Amino acid sequence: MSETETPKLDFIRQIIADDLASGKHETTVTRFPPEPNGYLHIGHAKAICLSFGIAEEHAATGARCHLRFDDTNPEKEETEYVESIKEDVHWLGFDWGEHLYFASDYFSFFHDCAVALIEKGLAYVDQQTPEQIRETRGNLNVPGTESPYRDRSVEENLELFARMKAGEFKEGEAVLRAKIDMASPNIVMRDPVIYRVMHAEHHNTGSDWCIYPMYDFAHPLEDAKEHVTHSLCTLEFEIHRPFYDWTIEHCPVPSQPRQIEFSRLNLNYTVMSKRKLLTLVKDGRVSGWDDPRMPTLSGLRRRGYPAAAIRSFCKGLGITKYKGTTDIALLEHEVRGYLNEVAARRMAVLDPLKLVITNFAEDQADEVPIPNHPGKEEMGERQVTLTRELWIERSDFMEDPPKKFFRLGPERHVRLRGGYIVKCTGFEKGADGEVTEVHCEYLPGTIGSNPPEGVKCKAAIHWVSAEHGREAEVRLYDRLFSVEDPDAAEEGFASVLNPDSLSTVTAQVEPSLAEGDPEEIFQFERTGYFVADRHDHQPGERLAFNRTVALRDSWGGKK
RNA sequence: AGUCCUGUAGUGUAAUGGUAGCACAAGAGAUUCUGACUCUCUUAGUCUAGGUUCGAGCCCUGGCAGGACUGCCA
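Just so we're on the same page, the numbering used here is the position in the first sequence counted from 1, plus 4.
Note that these hints are calculated values from the structure, not bench results.
Bear in mind the structure is a predicted one, so any value in this text is a computation, not a measurement.
Using N, Cα and C, we set each Cβ at its ideal position, and we do this for glycine too.
Do not rely on the hints blindly, as some may be mistaken.
With a straight-line cut-off of 27 Å between C-alpha atoms, the simulated DSSO-like cross-links for lysine-lysine are [said to hold, decoys possible]: (1) 460 <-> 433; (2) 80 <-> 124; (3) 433 <-> 462; (4) 229 <-> 80; (5) 433 <-> 408.
Using C-beta positions, here's what the derived DEER-type ranges look like [to be verified]: (6) 344 <-> 240: 34 to 40 Å; (7) 509 <-> 97: 18 to 24 Å; (8) 279 <-> 398: 41 to 47 Å; (9) 209 <-> 65: 30 to 36 Å; (10) 509 <-> 344: 20 to 26 Å; (11) 448 <-> 492: 36 to 42 Å; (12) 80 <-> 272: 25 to 31 Å; (13) 471 <-> 90: 46 to 52 Å; (14) 509 <-> 80: 37 to 43 Å.
Based on the provided sequences and hints, a complete structural model is requested.
Set out below in structure tokens:
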């Protein structure tokens, strides 16, 4: 990109730039308003990167992004989720500074606005049953009909609303409705309910309230109260915007926020519905919200995904109103890119096969220095002990290899990564026909040098000393969902879950790995195996296991 | 009595009304002590029919297709 080239603005950034240029706003204030009813997932990352990203871009004007918990429904929200959300936003690399808010702190303000609406004759207490309200709303083709309680006097409404607040009604007996237009083609505008009775304990306000505002009413007020200028949300709220604007217009608010909608993230092979993810957790299909197979930010973190890669992925998504499905390969590409830079390399053998170097003395033990990263000297090197008996990956040997297979086979040469070039001289088979041991001879003096004249050696395989290596129980994770669109499944998850998404293997690992270090490994296509994060890993501490086999199997062999 | 939103290579996105670019994916090749990375090349696109215009992906009209909306959820 040339220096003179200005970055392309998506339509939201363009609106903000225009508002700044025209003097409508002196700065921009955005917000990320999760409901604390689940963990944040990769879909939220898009919204976080957008709202917080815009605030960062306009930092010079004093722009900011608020983290606000939209906790207006006491029945669905828990404190555990508040903490996880804060942690995940921070991990992603964003900071709300002083601007941490709870919608529940504004309950009095919402109430005052509702009273103001009643006084203007723009809201009324409806005592129809929920069923009656539903039936009289009409449908997509039929206008609604007005409630018999619609034309109560202001005084009566005021008194009734006060009694609602005082707890004189049971749930479902009375609601406060905005008086707009029961014949509106937009059903949201057909006298929407703005307050309902709920005798529930709220995680923040306890039992102070027994009436709670609806999202449609509360959200614009929250934005206005915080002087949010641009309230960015996903497309499903588009049809609610007329009521958002109506609320701002008719309530005593200190600022005029504007709601702008963009398309939410859809990823193939991924479920993003909180309700469905919660089902996975509750049914024990995964170990928790932060199971490495989960699309939650905490799951991706354990899986080893660098936050920078997720941010970069979100940047490339673009902001549009088109509902498409992003290929998860785009995310994985970013992850590979970052991990390839920062991950230290180690050797591990997941499916061990014994390799004996027959011209190596029993007690011979050669210390070979192996770089921790190919091409990054600053990451240092480590000494690995090479002995007569080694473990290699079973798939790195073929009894009858095709010509395009570059690794071990009878009479073939291969390099033991970081060590000698060896020539396969034979192998043994068990009664069941399975290869149990491979024999080879090493070529002295081939460490750190090119293969001698006439020796073809096109691959380097990884290995672990049978004597110095360590056996480790490793949990191997793979993709959770086996189908491209798991949301399309009719019922439950049985048909879309990959039964092999979690397996345990007895692997052989380098002694340089701390005890317990490779306890969780995520199989990552075309990059090798990565250690799943153990919560405390920093971005620079990721480990990658060398892997010789490409999943694509370009040599034409079996899968 | 339906209203509103959206259609650009396989996918995601760019293009003051003026040469349809980029990334990922896919394919071919080079390189390689990770069949990775990197590098080179290739394939492939404006939903449709009209209209306005010297000129339309962009503006207008009509089709077609996909989506949102009928919670006292957010």
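Okay, the hints, checked on the actual structure:
For a cut-off of 27 Å, the pair hint linking residue 460 to residue 433 stands: about 26 Å separates their Cα positions. For the hint pairing residue 80 with residue 124, the CA-to-CA distance comes to about 33 Å; that exceeds 27 Å, so the pair is violated. Distance check on the hinted pair: residue 433 and residue 462 sit about 26 Å apart at the alpha-carbon level, within 27 Å; holds. The hinted pair formed by residue 229 and residue 80 meets the criterion: a straight-line CA distance of about 24 Å does not exceed 27 Å.
At roughly 24 Å between alpha-carbon atoms, residue 433 and residue 408 fall within 27 Å of each other, so this suggested pair holds. For the hinted restraint 34 to 40 Å between residue 344 and residue 240, the CB-CB distance of approximately 37 Å keeps it satisfied. Separated by about 34 Å at the C-beta atoms, residue 509 and residue 97 break the suggested range of 18 to 24 Å. The hinted range of 41 to 47 Å is satisfied by residue 279 and residue 398, whose Cβ atoms lie roughly 42 Å apart.
The hint said 30 to 36 Å for the Cβ distance between residue 209 and residue 65, and at roughly 35 Å that hint holds. For the pair residue 509 and residue 344, the beta carbons lie near 24 Å from each other, so the given range of 20 to 26 Å is met. At roughly 60 Å, the beta carbons of residue 448 and residue 492 sit outside the given window of 36 to 42 Å. About 28 Å separates the C-beta atoms of residue 80 and residue 272, a value consistent with the hinted range of 25 to 31 Å.
For the pair residue 471 and residue 90, the supplied restraint of 46 to 52 Å holds, since their beta-carbon distance comes to about 48 Å. Hint check: residue 509 to residue 80, Cβ distance near 40 Å, so the stated range 37 to 43 Å holds.
Against the hints set out earlier in the document, violations occur for numbers 2, 7 and 11.
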